[in-house]
Structure formats: structure tokens, C-alpha cells
Amino acid sequence: MEIALAILIGMFFAVSIYLLLSRAIIRMLLGISIFGNAVNLLIFTAGRLTKETPPIVPMGEEILLEPFANPLPQALILTAIVIGFALFTFLLVLGYRAYQELDADDTDTMRIAEPERAPRPPLTY
Amino acid sequence: MIFGTDLTIALIAIAPFLASFLAPFIFRFSGYFAGWILAIIPASIFIYLLGFIKPVSEGGFIQSSLEWIPQYNLNFSFFIDGLSLSFALLISGIGTFIVIYSGKYLKGHPDQGKFLAYILMFMGSMLGLVLADNLVVLFIFWELTSITSFLLIGFDHKRQASRRAAIQALVVTGAGGLALLVGVIILQQLLGNWEFSAIRNYSDYLQSLNIYPLVLILISIAAFTKSAQFPFHFWLPNAMEAPTPVSAFLHSATMVKAGVYLLARMNPLLGASDLWFIILTIFGSVTLLWGAIWALKQTDMKLMLAQTTVASLGLLVILIGVGTEIAISAMVIYLVAHALYKAGLFLLVGIIDHGTGTRNITELAGLKKFLPISFIAAIIGAISMAGLPPAIGFFAKEEMYLALMRFDIDAILIISVLILGNSFMLVVGAAIATKPFLGEIKPTPLKPHEGNLALLSGPILFGILALAAGIFISDFGKLFVNPTASTIYNYLVENHLKWYIGMFFKPLILFSIITWIIGAILFYRLENIRSFLRRLDDGFNWDFDKGFDAIIFSLIRFADFLTRLWHHGRLELYMVVVFILLAASVLIPLTLTGAIPSISATIPYLTFYEWGVIIMAALGLFALLIARTRLVAIVSMGIQGFAVALIFMLFGAPDLAFTQFMVEILTVVILALVMSRLYLDRRDNRIFEDVLRDGSIALIGGVGISILLIAIVQNPLDLRLTEFFALTSKPIAHGSNIVNVILVDYRGLDTLGEIAVVMTAGIAVLALIRIRAGGPQMGIGAAKNNKRRNKNKLASKKTSSSSANKRSRKNSTRNININMKQGKAKR
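Protein chains in written order, with this note's numbering: chain A, 1 to 125; chain S, 1001 to 1827.
I should point out that these hints are in silico values taken from the structure, not numbers from a laboratory.
It is possible that some hints are incorrect.
Below, computed lysine to aspartate or glutamate pairings styled on EDC-like, alpha-carbon distance capped at 20 Å [said to hold, decoys possible]: (1) S:K1498 / S:D1475; (2) S:K1498 / S:E1325; (3) S:K1730 / A:D103; (4) S:K1730 / A:E61; (5) S:K1158 / S:D1111; (6) S:K1369 / S:E1325; (7) S:K1442 / S:D1353; (8) S:K1297 / S:D1545; (9) A:K51 / S:E1723; (10) S:K1107 / S:E1440; (11) S:K1730 / A:D108; (12) S:K1368 / S:D1353; (13) A:K51 / S:D1353; (14) S:K1478 / S:E1494; (15) S:K1447 / S:D1353.
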């Protein structure tokens, strides 16, 4: 069953890379969001899959017995989801404001930081 | 012979650094007296070092070592032998008066505290350099002297000439430093020890190796850059941009001698070979003549002295290259003589500059009446420089001629070079001691006045010492020359220096007489020689300075070219590079290590609802890819997100599923809000070539990740951590939900960091939405913004209110997330 998920994750990556390579900011944002999902699934699957047994110690027990889903990747992913969401909202608003200020969502026309004809460095000390 | 160990030696190198931290504060409290106060440090070092003279002259050798990285046998080890003691005495002794002098010379300068700090830092570096036993420590202090020299030359950093000179010195000496590092590492690899004292006797073994010439060349490059040997000599005259005390201290008496020190130190190990003799005498001779001749061209007295310093350094290198017992003795005497008269003369030029406002020798005359003490000190300095008895310079000259009293072609060539060089230097010394002081008084920018005690104490004392060392030459020889020369020569050098009447009637004196006669003739014709050299110089339109500029500027152009090549400003190309590298870094190691897994063709066993979820995710992705409208794009985003959440749910991760649901809902809502305000092209307007390029990169990347993941899951997983959490979660952390226990207990700080990230993002979003005062005044948006400003007044009100809504919604999301996790943890 890991193989099926591995192929799905490959699809996630392919789609997100394709979107990220676009020149349109909004497509890149969609790409970022999917990229986040892809990475989360990658970590999740790399920690091995276990069906329907969450890592919760049953009532009245002291230790958890096999089989149970690996809790370590889950802890990592939980953090990643929240941070990914924070990043996504920030980027979304950044893109939105850039669109408002520059009237452009094409990265080729957004070149304030790296202008097309940047001045040459001065040949002095 | 080891005399003993003493940890205070390490303190000698460290104390000036400590003092340099205090210097700015001392300056703030005491102003101009800071020079006098701070001079206590070098003075006490000097007095402390005096105590070593007797044991060292009896063949003693004092070591000290602080542990640094014992695994690599690296220690902060220092030692005192004849050579390091002479240098350390010169550095601390001259340094004392330099610090006093600086206090007065830079009086009223707002950065004087900084200046004194730099000077002391330099002094510490230089002392560390000459005392270091460990070769890595030697290298570190070597580089520190380059850096402090950079700071001091560039002290007046508002002038371009100053900045240029500082960069030039740093580049040239820094390049030499790298050569030193490589040389030192090779030495350690060959001889297996970082301590110089442990490897100094392996010269026979080292010189039989094929790699010996390389080591010799590397060490020579280091020494030649530092000691301004041809063809690296050009930085030293430019370094005269520094304030005069710096020129006197660093660029005549101490730092430029570091290269000479290195050669002298390495002489037992690398010296006495033919290659050593050839390299050192040839480069030394060219440097000596070059420096001595161009000294006559200058009219700025500081530059005259700087050029003769280049010449003197060449002379010292020749003597080390010759390397006989007498040549080494001559080198030691000349080293001390030169340090004393050159520092003194530099300081006197500073006094003249300070007192009259100019240091151009053609504009100065008749100052004898106004600066009588300076005049006397200058005469003594010039006597030593000219090598006249009874000053110490006389013996330096006698010894170097004595060393070459041989009738072979090498000796005759070298002695001719020495005679010429010495007579040119005599001219410069005589010119500086007489021209500004004698004759009719000329008008100067300032009313001429004599320096005070702080300024004059150095030159007077150096002059007295130069005379005293000459008069008491026999004791000087016993206490300083012999121990130092013995260390360099690596055999005991016997004393033979003394005064006797017969010495003026031996054939040896003829060489001195020839030197004086040539010097006198040249001095008489100085004006003609100067104008001839000026015309000669004008005839060439290339010099080493221009060459240096050309190298630096081509470096800048190259850097510019590289920057433009990599930072072209096209974001999608950056992304292309990133993802090609991602694909390559996944696929290439997999292929090279043969780790590509074999994939069986059987359909994996999954239940129908699991298949359903996977297909749903795939469909969502596909729909997103071909979405033509915003609505379809947002809905398909949602579909894949929910599919991911369901996968988490199915495979035993309910916490992830809940969070993912929550985040996915918010993402869709916010996306819908923002997207409805963006007026976007409906289609993905990539041209076909781009689709092909991006599509293949994406495909290769995706396939690569799939293969990687399949390869990973076919290998066993280390579950020790998981087992640890499963076993301890309840008994130790008192939580049943292990994921939550990890988050809030075992990795609680991570969660704190995560919350901080979310908060920062929230603040940044807030700032982005709030800051819109008129938009950019320049750049792409400016013109449009001005046009639209009036039109958009109403619209902006609307957007700000809606963004406020969004903000509050997001805040509540954050709270939900955090509450959710903490709530679960308490379960």
C-alpha cells in the first residue's frame, strides 16, 4: 500500500512543481500549498503506514502495544501543517498587495529588487 | 636547552589586546593623556622582557603553552629565544614611545581612542607573531597584523587614497598569508608537528624531499609580501597614507619586518640551500636597488623614508640569503640599527609636519632655529643611517661587508649592490637631516614650532640608544647579537664585535669609504638626480600601482558578470534551477548507488474506500492543473486538501486529519476572498516550449520522489524513538495521545517556536495590509498609483474593512489550532 501512496505523492510533487514554475504569482501560491501537502504526505509515508490504529494509549493501560501508527512523523507533520498555513496566508497577502501596488501578477514584470538595467558597480575604492 | 616554562609569556601577547578594549574609555576620561597612560602596558612588557636578556644570552629558551585543540596537537604555545626576544624588545620598546607620541600627534582627533585601540591591537598581534612557537598560532597572529595594519592605514577612511592603500596592503599581505598557511600545513604534514621548536632540526630530511622547493617558495611569498620585496613592494609606500606614528611603527620598525622575521626563523629549517641563496639574494638585491633609487625621486620626506625602508628590507633579505655566521650577525645588527633610526626619523618627519604643515623637502629650510632638538635627533639618526661611527649603523655596515669579503663572483656582485644601496640610503638620511634645517628659512603653512616632550621623547631616546649600542658594541654583541644570531644560524655564534684603532686601517674600511664617497657625490647632485628620475618615471605610463588597480577592477567586473549571470532577476528561471537540482539530487545518487527499487507489477492491496480517496486526490490535482476559472481552481484545491485529510484519517492519524480539515477550510475561504479581488488571466499563458520544459521538470521531479519513497519504505525503519515514546508517554508524561505528548512535552520548545512563527506571520500580514500610505514613490507602481489614488479612495476603504475581517478570522484560527492541540494533550 505504500507504493500506491508513493505514486500519489509523486503526482503531488509533479503538479506542485509545474505550478511553481509558472510566471503567474497566483499559480505559484497554489503550487506552494500543494507542495506543503506533498511534503507532509512524504514524511507520513516514510514513517510507514499502519491502518486505523492511532497512537493513543488505551484507557487504563500504561504502555501502547503494537501495532500502532508511528507518532513521530505525525508530530512533525502537525507542526508543518500549521506553519505551512501561516506561510501560505502570508504569501497570499503578499501576492495580493504586490498585485495592488504593481498591478502585475507576472513575475517577469515584478523587478524592483533586481531591475533589468541595474547600475554597474563603481570602479573605485 | 630549555630554560624553563612560564605562562606569563602568553600574557605578553594578550595584554595589549586587553588594553586595546580599554583604550577608548581611557581616552574618554583622560583625553590627550591617554597616550601616557596606555604606554604603561608596552612599557611594562618591555621591562618584563628585559629580565630575559641574561638567561637568553646564556643560551636559555623559555616555553609556555596553553591548551587549544589537543586532539590535533594544536596549542597556544609561545617561546622566547634570542630572535623572538630581540623582536619583542623592539616592538614593545618602540611601541611605548609610539603610543606616547600618538597621544599628542592626534590630539583633538575625535577617533583618537579608536586609533590607540588599533595600535595596541597591532602590538599584541606583532608580539604574538614573534613569540609564537606553534605554526598555526604564528599564522593567526600574522593575519592579525595584516588586519590591524588595514585598520590603521585606512584610519582616515574618508579619503579615497587612504581606503585604496588599506585595501592594497590587505590584499597583498593577505595573499601572502594564504601562502604561509599552505606552507605551514605542508610542513606539519611532512614533519608531523606544529611546534617550530620541535621541527627546527629536521632541515636535512626536509631539504632532501622533492617538495622542499614548494615549501620554500610558499614561505618566501609570505615573507616577500609582508616585507614588501619586489615585485610586491608597491603597497608599502602607499601605506604612508596612514598617520605618521603608524608609518613609524608598522611600516618601518615592526610589521614589515615580520617577513624578515619569518625568513630568519625558518633559516635553520629551510636555509643554507642553493635555492634559498638564489631566491633571497636576487629578490633582495632588486628590492634594495629599486627602493634606494626611487627614494631619491621623492620630495615628500615620508615617502623618501618609506622607499628606503623597502631598500633596507631588501638588504636584510640579502643577508639572510647569504646566511653565513657573519652575515647573520650583520643582519641582526642592521635590524636593530634600522628599527631605531628609521622609527626616529619617521617621528621627526611627523614633528616637522606637525610643526610646519608640510613635509615636502623642497619647501623646507632653516628650521634649525625653531626646531633645535629635532635637528640634533635627526643628525644622530642620519649618522646611524649613513653608517658613520660611533653609531650602531657603522657596525651593521662593517659586518655586512666583512661577510662578503670573498673573491668569487657572487660575493662581488652582492657587495656592489650593497655599496650602491647603502650610499643611496646615506643620501636620503643626509637630505632629511640637513635640508629642512639648514639654509635660509622658507615660508611654511604653519608658523614653525618645536614638538613637546610627548613628541620628542621617542626620537631622542632612539638616537641615544643608537649611539649607546654603537659605543658599547661589545656588550650589545654579547647580549643581543650573539643570542639572536645563534637562533637564526642554529649554531652558537661567538662574539667578535669590539672597538679598536686598527679597524680603521684594515682593507675592510675601504668599502665604507667607497660608500661614503659615492654618497657624498650623489648628495651633492641630488636635485639633478631627482629631476632625472622624475623624467624617467614620466616616460613610463605603467607601474605596479596601475597593475594592482587593473587586477582589482577586473575582479570587480568579473564579480559583476557573475552576479548578472546568476542573479538575472527572472524568478521562473531561478525556480527551474532549483527543481532541476532537486530532481538531480534525488535521482543521481539513486542511480549511482544502484538503489532503484524493483517495483512489482501487482496492484497493491487496498480497500475500495482507500482507492477512492487516492483517486479523489489525483482528480483534484488534475482539475487544478487544467482549471480555467478561479472557482474551479479553488474547489479543486479544496478537493485535494480534503483527500489528504482523509488519507491521514485512514492511516491512523486523526489529529493530522482534524488539523488538515481546519486548515483546508480556511485556505479555501481566504483564497476565495483574495482571488475574487485579483483580476487574473483565466488561462495559464505559458507558451508551448515552456509547457514542455516545466512539464518535463515536474514529471522527472515527481517520478524521482516516487522512486525515492519506494526505495525508502523497502528498507527497515529505525523505530527506537517511536518505541521510546510509546513506552514512556503515559508513565512519564502522563498523556495518552502520544502525538500530543510529543508536541507539548518532549518537543515543547518546538511548539513554542511554531506558535511564534504563526504569530510573526500574523503580524506581517497585519503590517502588509495596514501599510499602504500612498504606495511606492518610485519604481514600477508609482506613476499608476498616483493616477489611481483619487479613483481608489472609496475602494480602499472597502478593502481595509474586509481585510480586518480576514485578520480576525485568522487570529481565531490560530487560537483554535493551539487550543486544539493543548486540549488534546490533556486528554
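Going through the hints against the structure:
1. S:K1498 / S:D1475: With a Cα-Cα distance of about 9 Å, the restraint between S:K1498 and S:D1475 holds, given a limit of 20 Å.
2. S:K1498 / S:E1325: Since the Cα atoms of S:K1498 and S:E1325 sit roughly 17 Å apart, the hinted pair holds (cutoff 20 Å).
3. S:K1730 / A:D103: violated (56 Å)
4. S:K1730 / A:E61: Holds, because 8 Å separates the two Cα atoms, which is no more than 20 Å.
5. S:K1158 / S:D1111: holds (13 Å)
6. S:K1369 / S:E1325: violated (46 Å)
7. S:K1442 / S:D1353: holds (14 Å)
8. S:K1297 / S:D1545: holds (16 Å)
9. A:K51 / S:E1723: Measuring from Cα to Cα gives roughly 18 Å; hence the hint holds.
10. S:K1107 / S:E1440: violated (31 Å)
11. S:K1730 / A:D108: Distance of about 55 Å is beyond 20 Å: violated.
12. S:K1368 / S:D1353: OK: S:K1368 and S:D1353 at ~15 Å, within 20 Å.
13. A:K51 / S:D1353: violated (89 Å)
14. S:K1478 / S:E1494: holds (8 Å)
15. S:K1447 / S:D1353: Roughly 11 Å separates the two Cα atoms, so the pair holds.
Of the hints listed earlier, those the structure fails to meet are numbers 3, 6, 10, 11, 13, in rising order.
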